[in-house]
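A.B. asks: All chains should be built: construct the whole structure from the sequences, respecting the hints.
Throughout the sequence shown, residue numbering follows full-length UniProt numbering, covering 1 to 75 in sequence.
Honestly, the hints are just simulated from the structure, not real lab data.
Heads up, some of the hints might be wrong.
As the list claims (entries may be wrong) - Computed list of lysine-lysine pairs in BS3-like fashion (alpha-carbon distance at most 25 Å, straight line):
(1) K61 x K73
(2) K2 x K60
(3) K25 x K61
(4) K57 x K25
(5) K2 x K61
(6) K25 x K35
(7) K29 x K73
(8) K73 x K25
(9) K25 x K60
(10) K57 x K2
(11) K35 x K73
To be verified - For each label pair, taking beta carbons as the anchor points, the in silico distance ranges come out as:
(12) K2 x H33: 18 to 28 Å
(13) V72 x I12: 14 to 24 Å
(14) Q26 x I62: 13 to 23 Å
(15) H33 x I64: 19 to 29 Å
C-beta: ideal position from N, C-alpha, C; glycine also.
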Amino acid sequence: MKCPYCNGEMEIGILEGGRYLLWAKQPHKVSYHPKAGEVLLGEKAVSSIRVDSYICKQCKKIIIDYANLDDVKEG
Numbered sequence: 001m002k003c004p005y006c007n008g009e010m011e012i013g014i015l016e017g018g019r020y021l022l023w024a025k026q027p028h029k030v031s032y033h034p035k036a037g038e039v040l041l042g043e044k045a046v047s048s049i050r051v052d053s054y055i056c057k058q059c060k061k062i063i064i065d066y067a068n069l070d071d072v073k074e075g
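C.D. replies: The following block contains the structure:
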């Protein structure tokens, strides 16, 4: 996949997090109930969260594909 920022080659992989993986505009304490505009990509009590992603090592960007996640919550 070509990077949309620098046109470099991106590598496919996974982005892995602990109990929560949350996208937010500002850092704050993570909650299972996302605030307005936030996206909780998963919450696992025991295992970790894995999301398909692409990394561009040239411009240091990561693109996440969360279309296939079952437990996405949007605030």
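A.B. asks: Hint by hint, say whether it matches the structure.
C.D. replies: For each hint, the structure was consulted:
1. For the proposed pair K61 and K73, the alpha carbon gap of about 24 Å is at most 25 Å, so the pair holds.
2. For the hint pairing K2 with K60, the CA-to-CA distance comes to about 13 Å; that is within 25 Å, so the pair holds.
3. Between K25 and K61 the alpha-carbon distance is near 17 Å, which keeps this suggested pair within the 25 Å criterion.
4. Proximity of K57 to K25 is assessed by CA-CA distance (about 23 Å); at most 25 Å being required, the pair is judged to hold.
5. Between K2 and K61 the CA atoms are separated by roughly 12 Å; this keeps the pair inside 25 Å, and the hint holds.
6. Our distance criterion of 25 Å between C-alpha atoms is met by K25 and K35, whose separation comes to about 10 Å.
7. With a C-alpha separation of about 16 Å, the suggested pair K29 and K73 falls inside the 25 Å cut-off, and the hint holds.
8. With a C-alpha separation of about 16 Å, the suggested pairing of K73 with K25 holds against the 25 Å cut-off.
9. A hinted pair counts as satisfied when its Cα atoms are at most 25 Å apart, and K25 with K60 qualifies at roughly 19 Å.
10. Straight-line distance between C-alpha atoms of K57 and K2 comes to about 12 Å, which keeps the hinted pair within the 25 Å bound.
11. Straight-line distance between C-alpha atoms of K35 and K73 comes to about 10 Å, which keeps the hinted pair within the 25 Å bound.
12. Hint check: K2 to H33, Cβ distance near 37 Å, so the stated range 18 to 28 Å is violated.
13. The hinted window of 14 to 24 Å between V72 and I12 holds, with their beta carbons roughly 20 Å apart.
14. Hint check: Q26 to I62, Cβ distance near 19 Å, so the stated range 13 to 23 Å holds.
15. Roughly 21 Å separates the CB atoms of H33 and I64, a value that falls within the hinted 19 to 29 Å.
This entry does not satisfy hint 12, going by the numbered hints stated previously; all others are met.
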